[in-house]
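Enquirer: Use these hints to put chain F onto chain P, whose structure you have.
Chains P and F, in that order, are what the protein sequence lines are.
For the first sequence, position 61 (counting from the first letter as 1) is numbered 61 according to the numbering used here, and the numbering increases by one without interruption.
For the second sequence, position 125 (counting from the first letter as 1) is numbered 125 according to the numbering used here, and the numbering increases by one without interruption.
Take the hints with a grain of salt, since some may be wrong.
According to the in silico footprint, chain F covers these stretches of chain P (three or more CB under 8 Å from chain F) [as the list claims (entries may be wrong)]:
| # | region |
| --- | --- |
| 1 | 139-150 |
| 2 | 174-180 |
| 3 | 238-245 |
| 4 | 276-285 |
For lysine to aspartate or glutamate, the following EDC-like pairs were computed, each having C-alpha atoms within a straight-line distance of at most 20 Å [stated by the list, open to error]:
| # | chain 1 | residue 1 | chain 2 | residue 2 |
| --- | --- | --- | --- | --- |
| 5 | P | Lys258 | F | Glu10 |
| 6 | F | Lys206 | P | Asp157 |
| 7 | F | Lys25 | F | Glu83 |
| 8 | P | Lys258 | F | Asp92 |
From chain P, some residues computed to sit far from chain F (all C-beta separations above 10 Å) [said to hold, decoys possible]:
| # | residue |
| --- | --- |
| 9 | Asn22 |
| 10 | Ser34 |
| 11 | Gly42 |
| 12 | Leu50 |
| 13 | Leu99 |
| 14 | Phe122 |
| 15 | Asp197 |
| 16 | Pro199 |
| 17 | Ala215 |
| 18 | Leu234 |
| 19 | Glu249 |
| 20 | Arg250 |
| 21 | Pro292 |
| 22 | His312 |
| 23 | Trp336 |
No lab work stands behind these hints, which were simulated from the structure alone.
Glycine included, C-beta positions come from ideal geometry on N, C-alpha and C.
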Amino acid sequence: MTIVLGIESTSHTFGVGIVQRNYYGIRILANECSKYIPVRGGIHPREASLHHAREAPRVLKSALDKAGISIKDVDAIAVALGPGLGPCLRVGATLARFLSSYYSKPLIPVNHAVAHIEIGKFVAGFTDPLVIYVSGGNTLVAIQRKKRYRILGETLDIPLGNLLDTFAREVGLAPPYVVNGKHQVDICSERGQNFIDLPYTVKGIDLSFSGLLTASLKYAEKIKARQELGDICLSLRETAFDMIVEVAERALLLTGKKEVLLVGGVASNNVLRQKLETMAALHGARYEGTPPEVSGDNGAMIAYTGLLLYEHGTTIEPEKAFIKQRWRLDEVELPWLLD
Amino acid sequence: MASRLILLSEGAEAKIYLLEVFNTKLIVKHRISKPYRHPLFDKLFRERRTKTEARVLSKLYSSNLPVPAPLFVDPFNSIIIMEYVPGKKLSDVIYQLNKDVVNSIAYRLGKYVGKMHRLNIYHGDLTLANILYSKNIGRIFLIDFGLAGYSTDIEEYAIDIHLIERSINALAPELSKSFVESFWQGYMEGYGENAHEIKNRVHEIKLRGRYVEERLKKRLEHERYR
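The shape of chain P in the complex, shown without the other chains (with noise of 0.2 Å):
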């Protein structure tokens, strides 16, 4: 029986998990987290790091309390070293160091993408799919090939959560951006009627959203009426879900995969799923997407691929974990994945 505790602290969320092997399974004992929402503008580096300095203890000892165990129990701890906001990823690494360290329990580095995309697999029950990971730091489609993820194509500039963040927030609709469990552009987009000719690029797998953020944007300058807001939403909406899908079908084709999967923080999206499902059942291909509470940033998933990655002999000493702003997915190397 292994229990292995995970950090994640990539960005807006301070997540605490715990999974647990036995002889029946991987279980998940805890996930606990808090988020740092702020009052305007989008997300400032220092403050959600303050934010999760304050935070740590308690949800650490919540995830704690919620397993039943105390943290002598605990096999390893994983913690999420990049990529990610530099203060922020400081803040769980300098935990996870000093776990480690005080307590003598080995120390497991993980990608926090790896840890999206893994998760993701676990609940869904997936081998071998293609991965459309979609959040506010990431846009991308990849497949494992050769003990890695490969990333097939990608955004060339913003990511799809970026997108719409960026634009609720210029046009004064958030924060808060999700109420409900619904991006402030989606419920605007329910009073559109009318369909604008917006930028759609995609080029082969890959695409690009920074021209239709800077023509949606410049059409909101223009409008006169509330229900003009909602044309641009819909609009905006449907023209960057159906690029991320036209590429999802693109790279479905080119692989020939029978596994469609979905993470990030945009997989909570009812509209973007529905669209995904509709597309891998053209192909006959099995669709599942990521339930809310492990498609956003979560502790569980660092603990859960650390768990795997612990069970194949990869840790690291705490004085060498050293935070990784920068660390692409397809740098990783994974041993359990098929080739």
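Expert: Relative to chain P, chain F alone:
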């Protein structure tokens, strides 16, 4: 029978049929409506791509580049009928070819792509799946110009090359180094003057990718030695 129609393949956005009329082979490309797209957008989208593809094919064909000749265009029903070109997708056969053949293909591909960019045309989806290779006649053909367009911006040309490099990297990492070298040899010849500007831009695009370590290193060095 004077004619028959066979479904050849179903791509991401179109159905490809083989049409035989009096022993002449033709290809029919029909862009299909997608249930996941907004209906208003779907119509606009298919019409626009059909028009661009026909326009670009006609220009490339008349400039002696190896592409199928467009013969009939109906943008409102999103149909193009074009010449049949032989060959299999390079993405399917690359594993069966020896290194010299692959390098020769890469060299010729580079030359054609260079010439295409000289005409201010970019492909927009230049992957191994959109290159046909015919063993019998030893020729390659470029197909699927749905994402193509006209531009004088070298960014678009560089993205084409970035896409082909990534495609070979993902599908056959062991062949990619020599493939890319041969490609550039051909490209330098096909594009001619100033090809190095595009080479620099391709490198720049790679560094623009999210979380690329090299970018950070470069900036730090720059700051240190200033």
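Enquirer: Which hints, by number, does the structure contradict?
Expert: 2, 15, 18, 19, 20
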